[in-house]
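Since the structure of chain A is provided, determine the placement of chain B on it from the hints.
Chains A and B, in that order, give the protein sequences. Going by the numbering used here, the first residue of the first sequence is number 1, and it counts up by one from there. Going by the numbering used here, the first residue of the second sequence is number 1, and it counts up by one from there.
By construction, these hints were calculated from the structure, which means they are not laboratory data. Quantities reported herein were computed from a predicted structural model and do not represent experimental measurements. Watch out, some of these pointers could steer you wrong.
To spell it out: a stretch of chain A is covered by chain B in this simulated footprint if at least three of its residues, at any positions, have a beta carbon under 8 Å from a beta carbon of chain B; those stretches are [stated by the list, open to error]: (1) 66-77; (2) 141-147; (3) 180-193.
Here are the simulated BS3-like pairs of lysine-lysine, each with C-alpha atoms no more than 30 Å apart in a straight line [as the list claims (entries may be wrong)]: (4) A/66 - A/132; (5) A/66 - B/114; (6) B/23 - A/146; (7) A/97 - B/116; (8) A/146 - A/132; (9) B/23 - A/66; (10) B/116 - A/132; (11) A/97 - B/114; (12) A/97 - B/23; (13) B/114 - A/132; (14) A/66 - A/97; (15) A/66 - B/116; (16) A/132 - A/97.
Chain B regions said to be covered by chain A (calculated; three or more residues, Cβ under 8 Å) [unchecked claim]: (17) 11-17; (18) 34-45; (19) 102-108; (20) 160-171.
Ideal Cβ positions, reconstructed from N, Cα and C, are used throughout, including at glycine.
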Amino acid sequence: MTHEHEHEHEHEHEHEHEHDPRAIRTEALERLLVDQGLITSAAIDTIIERYETDVGPLNGARVVAKAWTDPEYRARLLADGTTAIAELGIGGPQGEKMVVVENTPAVHNVIVCTLCSCYPWPVLGLPPAWYKDPAYRSRVVREPRKVLSEFGLTLDDNTEVRVWDSSAEIRYLVLPERPASTTGADERTLAELVTRDAMIGVARIDA
Amino acid sequence: MDGIHDMGGSHDFPASLTERDEKVFHAEWEARAFVLSNAFTGAGCANVDQFRHAIERLDPEVYIGDGYFGRWLGSVELMITDANGQVAPGRYTEHRAARELVAPPLFAVDDIVKTKNYNPPGHTRLPGYVRNRTGRVELLHGGWVYPDTHAHHEGENPEHVYSVRFDGNELWGADAEPSASVTVDLFESYLELA
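In isolation and in its complexed conformation, chain A is listed as follows (with noise of 0.2 Å):
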């Protein structure tokens, strides 16, 4: 494909989203908080890359390898979920106030947020689409096995299953269980096999 051909394929691409309202609607907020001042459409281009890139998974599954591998550190991060995250440098906006809940065979635990779609964005990035759909939300707490066996994880009859539904501040991420096959793994290793399902509460993980 030539230079000048991919050129058509992007102005092609970007011409489908044109005709979206949406992003007429939020090209003309654009305009009006820039001129306000509020922002500038560079620092628009830095923030977006951020979270394409920097914030995401990538930072639970550190603070989940690290509590695999450190029973002292995963002492501290139940008890206070907030300041143990932070002993590895993470923390900011939706992270205000962070609480780790412990997946065991006895008690599964899975997070939602019925009346929007609160998510803890330091540990975890931006919540997938699944996480925002109205059935997300709306099922999940009247029927959690149904839901979870819909995402391929089906619990034991006996294994409690508690949904926390975050509706004020603090915001929860799930502690999974550490595949037994993974004896001897260190941290980084293990922080590979952590997926963002299981720390939302979807998913095991498997190894």
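What follows is chain B alone, placed relative to chain A:
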């Protein structure tokens, strides 16, 4: 307020959930609407409770049809419309919502509490499905700005917040799934001893 946003337990959205990997933003406008909304509240033009309440005030069809970032965009537009087109930074400068409280908490861990039958026309963070229900206090979270007044320019009025666990049967009746509970973070004003 009772509204489309308060969807915990609703039967209106029966779709199955299928997991998929995806990008953070699906279109450029979503990313820019996200940053612009944060800039608007970040500059103190509004507080987060006003922002959330403006989302709740959107037309229900718009709420569903415009999607998550479309709602953010609609919220900021609505607040600017409320202010006759004016954008006034600096009205709110404290973005952290935690506050030190002198008053001790009214409830303790393991207290059995009941949520009030409280259903104001304005903003509240008491979800409808836990209204007038009995649960057990699990965690105390200290003092936090009270959204029900903060969303209406009526002050911060911080209160103690509690995580309260409700048994599935208490919320959904005899057909509830076995051995399941929902824990909800609730302001002291929403609660009384059972």
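Pair hint outcome, residue 23 of chain B versus residue 146 of chain A [Cα-Cα no greater than 30 Å]: holds, 26 Å
State whether the coverage of the stretch 141-147 of chain A by chain B holds or is violated, taking the criterion as 3 or more residues with Cβ-Cβ distances under 8 Å. With 7 residues in contact (Cβ-Cβ under 8 Å with chain B), the coverage given for the stretch 141-147 of chain A holds.
Within 30 Å, alpha carbon to alpha carbon, are residue 66 of chain A and residue 132 of chain A? Roughly 29 Å separates the two Cα atoms, so the pair holds.
Count the residues of the stretch 102-108 of chain B with a beta-carbon closer than 8 Å to any beta-carbon of chain A: does the count reach three? violated (count 0)
Satisfaction of hint between residue 114 of chain B and residue 97 of chain A, Cα-Cα up to 30 Å: Satisfied, since the Cα-Cα distance of roughly 25 Å is no more than 30 Å.
Pair hint residue 66 of chain A and residue 114 of chain B, alpha-carbon separation not exceeding 30 Å: violated, 39 Å
Counting residues of the stretch 160-171 of chain B with a beta carbon closer than 8 Å to any beta carbon of chain A, are there 3 or more? holds (count 4)
With a C-beta cutoff of 8 Å, work out whether three or more residues of the stretch 66-77 of chain A approach chain B closely enough for the coverage to hold. violated (count 0)
Three-residue Cβ test at 8 Å for the coverage of the stretch 34-45 of chain B by chain A: holds (count 8)
Counting residues of the stretch 180-193 of chain A with a beta carbon closer than 8 Å to any beta carbon of chain B, are there 3 or more? violated (count 0)
Is the Cα-Cα distance between residue 23 of chain B and residue 66 of chain A 30 Å or less? holds, 27 Å
Going straight from one Cα to the other, do residue 146 of chain A and residue 132 of chain A come out at no more than 30 Å? holds, 18 Å
Hint compliance for this structure: hints 1, 3, 5, 15, 19 are not met, and every other hint is.
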